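First to last, the sequence lines map onto chains U and E. So the first sequence is numbered by our numbering: it starts at 220 and just counts up by one. So the second sequence is numbered by our numbering: it starts at 151 and just counts up by one.
For the record, the hints were derived by calculation from the structure and aren't laboratory data. Check the hints yourself; a few may be wrong.
To be verified - Not the full set, but computed from the structure, chain E residues with beta-carbon under 8 Å of chain U:
hint, residue
1, Gln219
2, Met327
3, Asn373
4, Cys421
Claimed, not checked - Computed cross-link-like contacts, DSSO-like style, restricted to lysine-lysine with a CA-CA straight-line distance of at most 27 Å:
hint, chain 1, residue 1, chain 2, residue 2
5, U, Lys268, U, Lys234
6, U, Lys256, E, Lys172
7, U, Lys269, U, Lys288
8, U, Lys256, U, Lys268
9, E, Lys394, U, Lys288
10, E, Lys312, E, Lys172
11, E, Lys437, U, Lys311
12, U, Lys268, U, Lys288
13, E, Lys241, E, Lys312
As the list claims (entries may be wrong) - Label-pair ranges, simulated between beta-carbon atoms:
hint, chain 1, residue 1, chain 2, residue 2, range
14, E, Thr436, U, Arg275, 48 to 54 Å
15, E, Asp248, U, Asp292, 48 to 54 Å
16, U, Glu273, E, Gly384, 21 to 27 Å
17, E, Ser196, U, Thr229, 44 to 50 Å
18, U, Gly271, E, Glu389, 48 to 54 Å
19, U, Asp236, E, Ala385, 26 to 32 Å
20, U, Asp292, E, Asp217, 25 to 31 Å
21, E, Tyr413, U, Arg257, 34 to 40 Å
22, U, Arg299, E, Glu389, 19 to 25 Å
23, E, Arg244, U, Pro227, 44 to 50 Å
24, E, Ala168, U, Thr229, 50 to 56 Å
25, U, Gln228, E, Ala330, 50 to 56 Å
26, U, Pro227, E, Pro258, 30 to 36 Å
27, U, Leu291, E, Glu160, 51 to 57 Å
In this text the structure is predicted, and so the values were computed from the model without any measurement. From the three backbone atoms N, C-alpha and C, an ideal C-beta is built for every residue, glycine too.
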Amino acid sequence: MGFYFIDPQTYEKYKDDILDLSHSVQINFQEQLPTDKRQPGLSDKQIAKKLGLEERAVREIRCVAERDKYPLDEFEEAIRFKENACRNYSVKGMSAVMQKFVEKSKE
Amino acid sequence: MTVTSQIDFEEAKSEIGAIAAKSGALVGGVAAADAFMAAPEGRRPSDILPHARSVFVIGGAQPRAGDWQSPNYQHMEVTSTSDRMQTLALKIARTIEDRFSYYAVCVPPGVDQGQQPFMSIAMAADLAGCGSRSLAGPVLHPEYGFMYFGAIITTMPLPADKRLDTPACPAPECVAMYAAENTTPCFGVCPIGSGGCLGGRLEAGHISDRQYDSARCSTRVQNYWVPGFQKLLGATLQEPDAKKQKMMLFSSMFSRTLWSMTYSNVSQGQCSECMRVCPVGLAHRTKQ
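So that you can see chain U by itself, here it is in the shape it has in the complex:
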């Protein structure tokens, strides 16, 4: 076919390792954390070097794996989550989660 994509076998072989090494789930990613605590994840280039792959292949596998991680059901669940959270806030305001702490900070 006329464009670059990864063959499924290569994808299955590397997708979990690449997701684990990447920024996909960010644990202590933020720059302001102390250097000894910060775990920024690896760039595609760094992952490629570690796994002996081409950078482009890593990038393609990561992009597909990030999309593949959650099924379509999760997108439907997202609608339910947002409907509930938004409606809850519109009814209860900050009391939905923390009104008493907001009021205490005003005292």
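Once you've looked at the hints, dock chain E against the given chain U.
The following block gives chain E in isolation, referenced to the frame of chain U:
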């Protein structure tokens, strides 16, 4: 055009800041281009503009207080104002080139072929003192809270600002809540351990650990957008029953996704729930 040797860079910075403020920016600041060492290689200012010296950051175009009150979550999806900061960034880039004769480019607001930002505008805003990173992720301004940012990379050596002395997050209310209930508003509304995106810990009033599931966040923030479209298209193409396939193709989910993609120039934030419950900037979101 000003001759380079005659430029007072402090005055030039004030002039650019005044243009930004007059054009609607709530905040502005400068980060030194060589301060982005925590950014991955390939995503630093000089990777976009060779010989970059400064990054001018602007912030503003917040959703209105009323937007946050709507009981319809879809309202926030179609009232996004982030593009106003990008338009203003283009104006400032043009001012720098025409008025001061230095190169200037806007940081593109979209993503590259690896689905990642060309450069972290959030990092630029943090370094320029326009706000600080939050537990939920977005940069928050101590007074205004959540806002949209734009960034202009330039070869002009503008005097850099410094990061905030006191981060906007966690807010005192969140520190108190964490002490009492071991959670914060953003963690509470979207907990990573219960199908959400966010987790972490506070220690001595500061963020000590943070977890963020960006893949799950994408299902919420880009619910009716490119990721959702790819999923829907895949499922619909695989459906062998033509009548059922029609139901999928014409479904509200598929149709809304296509609408959403047509009226989005770059991106849309389609989930705001962690920010809706954030107390930083609450006074500006509270009206009668």
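Practice problem: Enumerate the violated hints, using their earlier numbering and listing them in ascending order. | Solution: Hints 6, 17, 18 contradicted; others consistent.
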